[in-house]
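K.L.:
Turn these sequences into a full structure, and let the hints guide you.
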Amino acid sequence: NLYELLRNLFTWSSFQRGTIEFHPQYIDIREIIDRNLKLFMPVAERKHITLRSLIQEETAIYADASMVYAIIRNLISNALKFTRPGGKVRISATHNNEFVEVSVADTGVGICEKDLSKLFQIDVKYQQTGTAGEEGTGLGLILCKELIEKNGGSLSLESEIGKGTTVMFTLPKPSKI
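Position 31, counted from 1, in the sequence shown is what this note's numbering calls 36; the numbers after and before it change by one each time, with no gaps.
Simulated from the structure, these hints should not be mistaken for laboratory data.
Just so it is clear, CB atoms sit at the ideal spot from N, CA and C, and this is done for glycine as well.
DEER-style ranges, computed between Cβ atoms:
#, residue 1, residue 2, range
1, 90, 180, 35 to 45 Å
2, 91, 180, 34 to 44 Å
3, 31, 119, 33 to 43 Å
4, 101, 39, 18 to 28 Å
P.N.:
Okay, here's the thing in structure tokens:
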């Protein structure tokens, strides 16, 4: 938890100061997702959560690879944190002519409607303990939103208490840059 807090805090503060280098390039997002799945599989197995990707090969985006890695890492971590044993986390993607939309959907505890906007406000303290007592930093989604927007995309959430949360974000396809 401390390591995650420090990593997110460092990335966020670097981003705010403008010291993070931005190197957009052609990326197969499936490769980044697959690396993150390997990283989080032990956590998923320990919590008895099914973690899987439905992303097709050669799902191309044009973005900064290290930023996309941080986005995916944070979203999978959150999904696992708030999903009970026996639950599921699924990553999928759709695309149109301009964007790829990635969805990270879980069958977790969900977030009530009135708290959704608090998730993106740095000056509002909103934290929820994970299903196994995991503590959050409160920076993960804020960081994701800023990194996604830096790459020309957008982020949105849908959630229902007791049914889960789906975080969707778009990133541009290479042909439109």
